[in-house]
Amino acid sequence: MTEDLTPAEAYAAARARNAEQATALAPFREMYEFGLDPFQIEACQALEAGKGVLVAAPTGSGKTIVGEFAVHLALRQGRKCFYTTPIKALSNQKYADLVKRYGADKVGLLTGDNSVNSEAPVVVMTTEVLRNMLYAGSQTLSGLGYVVMDEVHYLSDRFRGAVWEEVIIHLPESVTLVSLSATVSNAEEFGDWLDTVRGDTEVIVSESRPVPLWQHVLAGRRMYDLFEEESDHGGRAASRREVNPDLMRLARTENTRTYNPRERRRGKMVREADRERERRQRSRIWTPGRPEVIERLDAEGLLPAITFIFSRAGCEAAVQQCLYAGLRLNNDEARLRVREIVEARTASIPDEDLHVLGYYEWLEALERGIAAHHAGMLPTFKEVVEELFVRGLVKAVFATETLALGINMPARSVVLEKLVKWNGEQHADITPGEYTQLTGRAGRRGIDVEGHAVVLWQRGLDPGHLAGLAGTRTYPLRSSFKPSYNMAVNLVDQFGRHRSRELLETSFAQFQADRSVVGISRQVQRNEEGLDGYREGMTCHLGDFEEYAQLRRDLKDRETELAKQGAAQRRAQAAASLERLKAGDVIHVPTGKFAGLALVLDPGIPAGRTNGHRGFEQHDGPRPLVLTAERQVKRLASIDFPVPVEALERMRIPRSFNPRSPQSRRDLASALRTKAGHINPERHRRDRSAAADDREIARLRTELRAHPCHGCDEREDHARWAERYHRLQRDTRQLERRIEGRTNTIARTFDRIVALLTELDYLRGDSVTENGKRLARLYGELDLLASECLRDGVWEGLTPPELAACVSALVFEARQADDAVAPKLPTGNAKAALGEMVRIWGRLDALEEEFKINQAEGVGQREPDLGFAWAVYQWASDKSLDEVLREAEMPAGDFVRWCKQVIDVLGQIAAAAPKENSTVAKNARKAVDSLLRGVVAYSSVG
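Numbering (the working numbering), first residue to last: 666 to 1607.
There may be inaccurate statements among the hints.
[Said to hold, decoys possible] Capping the alpha-carbon separation at 25 Å, the derived lysine to aspartate or glutamate pairs in DMTMM-like fashion look like this:
(1) 1438 x 1295
(2) 1340 x 1461
(3) 1247 x 1226
(4) 1565 x 1461
[Stated by the list, open to error] Pair by pair, the computed Cβ-Cβ distance ranges are:
(5) 1547 x 1597: 55 to 61 Å
(6) 1133 x 825: 26 to 32 Å
(7) 1238 x 825: 25 to 31 Å
(8) 1019 x 1488: 27 to 33 Å
(9) 1346 x 1209: 49 to 55 Å
(10) 1143 x 1389: 23 to 29 Å
(11) 1195 x 873: 26 to 32 Å
(12) 1583 x 1503: 34 to 40 Å
(13) 864 x 825: 35 to 41 Å
(14) 1259 x 1323: 46 to 52 Å
(15) 1424 x 1238: 52 to 58 Å
(16) 1228 x 853: 52 to 58 Å
(17) 1579 x 1130: 55 to 61 Å
Because the hints were derived from the structure by calculation, they are not lab data.
Where is the CB? At the ideal position from N, CA and C, for every residue including glycine.
Construct the complete structure from the given sequences, taking the supplied hints into account.
In structure tokens:
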């Protein structure tokens, strides 16, 4: 209370209030209806103090407030602020938010296919656009004061992550960087790197969710809490929560067999009882269907919900299942509002395309409050779903994991159908980081008291594993930075080779590699101290014991080598003798469980691959089937014959012999003992040891006996110290090789890229040639291939649709490799040009192999994919959307996305192509115009 303060305290408090009112943060706080959290205030104060900030906080915690404060500071100071995002959908969303707050005249947008008010003081853009501006030295960068990098943890992305590091490294020193990240476990390490490359950077980590999250498992009719009720559902104690014992009991019961086939002998009554018990179990526990889950959530007041299904087809099927089940989540008033919004947002889509796009089925689902959301949908449709969901007019969304990438679509509940997803190569368990990202959507700040994450019961579900996913809220940020051809020419052009190399050494990738080397280096130091002690222990007054120990090791190594050769030779002789056996041969099995007299019933199969009942199987030699003198029929292996075997006698095997019949075995074994029981097999004579006649061994023994240390009384003590010294020295060398492999890795890759570019005349020392200047304007995975095609005139004389078809091969990548069917291609010049592109790629691929540039490491040129050439050629040739999609067998969303990427690269080619004596630049611009029509031309912004 103020009346309790002394005059001095009241004066100090008044001064503090006045000082706060004088800050930029005070008026900014008044712009929001809610109070700021401590981590937001701390980050904003650091920004106002002139520091860069890294804010790591859970999804939905409001870290973008810090980015918006950077915008506020820039406008207040008369400087520019760039707000970067990883995907266009996020850029569009953030642009709309900032326009609402500051007005369209102060905010611009730059993405691959949109440019709105690009010289505004605040510009929202994708990260790639900012990278390209930095390399091009764009005038738009003048007056730049702040850069906000939203979702900065994207730098872990193995395909695009390098762009984030390029921007962070190349931004001018005068620019203050605001990095916003999901909760990562190595935020301090990332902050240390930012401190190194960007200067003073404050790291602010918040691990508490603004809305508590409850975790559940839905099994049959019952919703189980994942953790016991008295456990903590938020905050740091989460990792110590106890798993619900009821759920553990359920898992034990369900994941063990309820029917044991060994009990069959107990009769029909037992089997019937087992089946009845199984029926009762199944009636109580099952995986609920999708409509059933939504109805259950609706009944418990847990909608709106996002159900994550890791399949586009699964999302569409889920919507259809809900429609067939007659599910309706909207009343008549909401249905009319949905139709009004949808018709307004889709008015610019041509009527003839609506039927092709499944518009009417999509609209029916939306009116019922149900929708899918995935990358295969038309961007317009996805944006409408997002808008309706935020407005509460869509209450159940079935989505792929792409929805978790920062798009502002919070829900009351999140449902996960499975904890396994296809990662492009195999079905793999989702990681704790992915689980955190997906369930982070649950709980709307200011609306919900709590959020709910629901995992559907599946047979084999392990509650302990699920608790581990839910309890491990963080995941490490790992750099995916790799130099590229375009990066190399741009760096050399701006800084020269030596300075470029130094810049790359400052990357987060190298920073992490160097950090990992620190621990290894310490181990090497400790090992070297130990080596000094061992060296002292093996010192001999008679001579150099290290030299003597080396002679002993050389002798031992040579003896071991000869012994291995001898053993291999004996195995080969034994295998050869087994291959000579025939049915009816009487042999003596030398060793093993069945040693003694035996009759060969079947000589077995020769070594190598054979086509068995499980496909091809590998065998290491013949495996004869024999009858022993003790009446046992066994298939022997090469291990039973360490020495060659010879037939002692021959016997006729009766045609009536049945190895399964005890009487047949008894009779034949008796005949075997009568025929050959008196024969004593010859003992196999071992060959003279190769070591006895080896000149190298003789020389080493002579040198060993002549060495002064051989006569030392303490020779064996010294030898023990020498052996320890040798083992530790070997371990130390392995550690040193690991250090060498991790040190300067980025710079070494850069050196190899520069060497290849020099070979192709893109670089000459520190100078960039005309070819190199062209490459500097081409961004993309196949930048060098595009540049070589321009240099060789591959695209000269092509029509705009033909050029679009060729450029598609530079950007398109099929979701699943299909080598069985050759893709349909345009005929004539386009087909010839595509063939020439593949040949040029083959030449570049051979060069990369020569210069040790490895695609597996994320560097180099992949093979061009011709799978989109026919579709984009048809579209550029003014064919209808119906015809193009039907032939392409591709979802509309994918088609639009690939078309926009082709348009982006065509724009680069138009800028990079020769201006004289070339048709490429003109036709590239015409191709862009021919592609920008219908659903491709539609834009939600500007």
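Checklist entry - Which earlier hints can't be squared with this structure? => result Failing hints, ascending: 1, 2, 3, 5, 7, 10, 11, 12, 13 and 14.
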